[in-house]
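Visitor: The lines below spell out each chain.
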Amino acid sequence: MLNVALAKGRLADSCADIFIKCGIRAQILKEETRKLVLETPDKAFRFFFVKPADVPTYVEYGIADIGIVGKDTLLEAGADLYEMLDLKFEKCKLCLAGFPEKREALASPHLRVATKYVHTAKKLFFSRGEDAEIIKLNGSIELAPLTGLADVIFDIVQSGGTLRANGLVVLEEVFDISARLVANKVSLKTKAAEILPLIAKMKEYI
Amino acid sequence: MRYFKLPAGVRDILPDECERLDAAEETLREKFKRAGFRSVRTAGLEYYDTFANIKSSVEQSKMFKMTDKDGNLIVLRPDMTLACARIAATKLGESGAKLCYFSNIYDFSAGGNSDREVAQAGVEIFGEEGALADARAVAFAIDCLKAVGLREFIVDIGHVGFYKGLLEESGLSEEAAEEIRGYINAKDAVNCEIALKRYGANEKAQTAILALSSLFGGAEVLDEAEKLTDNALALSSLAHLKKVYAHLKELGADKYVSFDLGTVKSLAYYSGMVFTGLAEGVGAPVLSGGRYDGLCAQFGKDLSAVGFAVGIMRVLRALEAEEAKKC
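In order, the protein sequences belong to chains W and B.
Reading the first sequence from the start, the letters are residues 1 to 206 in the numbering used here.
Reading the second sequence from the start, the letters are residues 1 to 327 in the numbering used here.
In case anyone wonders, no lab produced these hints; they're calculated from the structure.
Note that the structure is predicted; figures quoted are calculated from it, not measured.
Misleading hints may appear alongside valid ones.
[Stated by the list, open to error] Interface residues of chain B toward chain W, partial, derived using beta-carbon atoms under 8 Å:
hint : residue
1    : A186
2    : K187
3    : G283
Backbone N, C-alpha and C define an ideal beta-carbon position, used for all residues, glycine too.
Model the full assembly from the supplied sequences, consistent with the hints where possible.
Guide: The structure is reproduced here in structure tokens:
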């Protein structure tokens, strides 16, 4: 049996579609339920529903053999696992954003950056040799430049609607984000007969 | 009852668990002894300079550092292979040795979700080179995992020479190579491709390096890999692995073996074949080893060497997982 960690919410729905296309009896994923563990009727797959940020953890520890999670979460988690496939859905961009006049401030010696992605932001500015003050927020990141908490924000941008509504613009697109299929480093080898055909099939439907 | 905390990343092993740990160690001790290994206990404290001056995979940030009375920096033993190489090169005065150890190593950077104190049982073979010696080391590793009771495991074999060869062709800088190594290790083909294009590696090397992340499986991957390159080092590495595989067949160990040319461990001290033992139910390797010719030379005496270490606590976890599966 293959254990699969899935992020609760929208992503799980897209995952269900692709699994069903691949011939997996994953209809159960479409049902309204509060259960956290679901098995396919043929017992070939077991799905765990976890918070997106916990998908890399479940896979790294080998509790889940594979998982599906956004690249943004992977970048932030820095977990030791295999990134097998770009599923090309849930596309968005990790961007630096702020008021248009802050464009020049990006190179300022001490930039204040508000973000959920603390590790990724630290790595980004470290790799550029710039000092930045990273301010950790858990939501409504766009509020930070409006209230003067930060100069810019570092966050995912899908449609840009929230940015526009608050007078902010994308200053720089930094990373392309999409959903990725990840695998535990041991499971890929010990359960190769189950995982590899699945990946091959999923490739056809991307 | 009063409660005393332990620092992050370490723990006590209480009698029930310790019994199982001791039993596993006893099995391995007997196994090592019968195979002609002699046991060593290396010093728990060493000078920081010893590790700073050697090209090794032990990063500065991974060592527990303290200041000695005379102001010198000392560290808590960070790696057993380095300690054994130092002993074989500087203290034994022979052209070969078979050493084994049962020791803890300490990893400062771990903690939180990984252990900072790691119990290892390992062997190091000095003065034996060639494909047969490599095959024997792998076969012995398989034997040891069987002896402690594991049933469902594989030993995954790679070779650092293959990647080194591809790098030679690519014209990549050392910095670029290190970044790309990270992507290959994660089998992250997307970022690997982006980085290769950005650093402008030559076309043929790009294709070959990109293919690395899918070059794993049975012995057939060695044939596939051959078609990707005409670099001499890369090809000789593949030829070597084929010989190792043929010997493993003779030794009857081939059914536990798989290959992964995309396992690119830190190039710092491994020089040839590398291998990891993977067991179901444990998300990380239970065994790790490889060939490190050239390390002893850095301690002043050129000895070829191959060895491996078993992570005993992980083996116990794998055994538990196997038992749980049976019920």
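Visitor: Against each hint, give a clear statement of whether it holds in the structure.
Guide: Results of checking the hints against the structure:
no.	hint	result
1	A186	holds (5 Å)
2	K187	holds (4 Å)
3	G283	holds (2 Å)
The structure is consistent with each of the numbered hints, conforming to all of them.
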